[in-house]
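K.L.:
Starting from the known structure of chain A, arrange chain B on it as the hints suggest.
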Amino acid sequence: MQPLRWLIPFLAIGLLAAPAAAQNPEIALVEKASGKVTVLRDGHPLRLRAGDPLYQKDVVETGPDGSVGITFNDNTVFSTGPNSQLALDQFQFDPGTAHGAMLAELRKGTLSVVSGEIPHGSPGAMKIKTPNAVLGVRGTTFAVRVY
Amino acid sequence: MAAIRPQFLALLCALFLTGCPRQALFVVLPNAEGSGVGAITVDDGKKAVTLDHPYKSAELRDDRSAPADVSKSDIFSMFRRAFEARPVLPHRFRLAFKLDSTRLTAASAPVYRALLADIKQHAAYRVDVVGYADTLGSSDYNANLSLLRAVAIRNALVRDGVDPRAVRVTFRGKRDLLVATPDQSPEPRNRRVDVSVR
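From first to last, the protein sequence lines are chains A and B.
To convert a position in the first sequence, counted from 1, into my numbering, add 17.
To convert a position in the second sequence, counted from 1, into my numbering, add 1231.
Bound conformation, chain A alone (with noise of 0.2 Å):
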């Protein structure tokens, strides 16, 4: 096959470039979302719908009715019930290393978690913050609840 160097550049500006500002870059995807989902981002409440992105300092909010499922970029995926409030702190993640820091805040509610690559690449670097404790994630399967 003849290669078609010319092509690289073509297709990698094409292909790889970023879809959102490299600034505040995508941390995860709303995959699920029923009843009542809001994000408060830059002090506004936005209504969430599956497929929609979150960033960092996002804070995830359902209603009485409400429950969301989101799967972050290093493969962690969080699910909330009803009535819960989480506040998206921190989130670095680098899929060429694996490395990467995730501080996530459950101000109330029901979480339930499945942790993904960041407790591999960096061990010690996934907290989940409660009102009066810090919850450190060697992995993989939990659930948090905060009255």
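Each hint should be verified, as a subset may be incorrect.
Computed from the model, here is a short list of chain B residues facing chain A with C-beta under 10 Å [what the hints assert, rightly or not]: (1) VAL1258; (2) ALA1270; (3) ASP1275; (4) GLY1276; (5) ASP1283; (6) ASP1294; (7) ILE1306; (8) MET1309; (9) ARG1317; (10) PRO1318; (11) VAL1319; (12) PRO1321; (13) ARG1357; (14) LEU1409; (15) VAL1410.
The set of hints was computed from the structure by calculation and includes no laboratory data.
All values reported here derive from a predicted model rather than from experimental measurement.
Idealized CB from N, CA, C, for every residue including glycine.
P.N.:
Coordinates of chain B only, in the frame set by chain A:
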């Protein structure tokens, strides 16, 4: 009769921690899809409780963490809605290619079908497609070949109904070999595209 004073309640609560309202509950669950044994540590700032078996739980009362005893049925009823909202778990797929070609090996055809079926399980998804080559030929040639392999998979997925905006393509050429070989070695296991779906 005088109402019980709040200070008195607080004293009772401090003397008998189980009398304090529960502030938070932490439960380890059986690992999803049989991944390795996990553990969490609950730290109240003074003391840490480690939970490393399924259904072990800890609670926080009066800002202090302690082991808790909660039945499976209570766990399932209090977290039912959260469990129901759990997304399809992320999966990885490895597709092998013929020598110097962007065509899949016969053995990889069912892997492609499994990949497509997995993506279709998700209501919303992201797909990462990474192309690789073996070390036969120049770096430039293999960079190009690995990109064309990844693009071939991306195009097939899009043809099969996958949202092109959710697919990201990258290529590694003859770097990041799956099986270490000297340069200029044909190695079928290195001629691959790795796809992760989340």
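K.L.:
Okay, which hints does this one fail, numbers in order?
P.N.:
Going through the list in order, the structure violates hints 14, 15 and respects the others.
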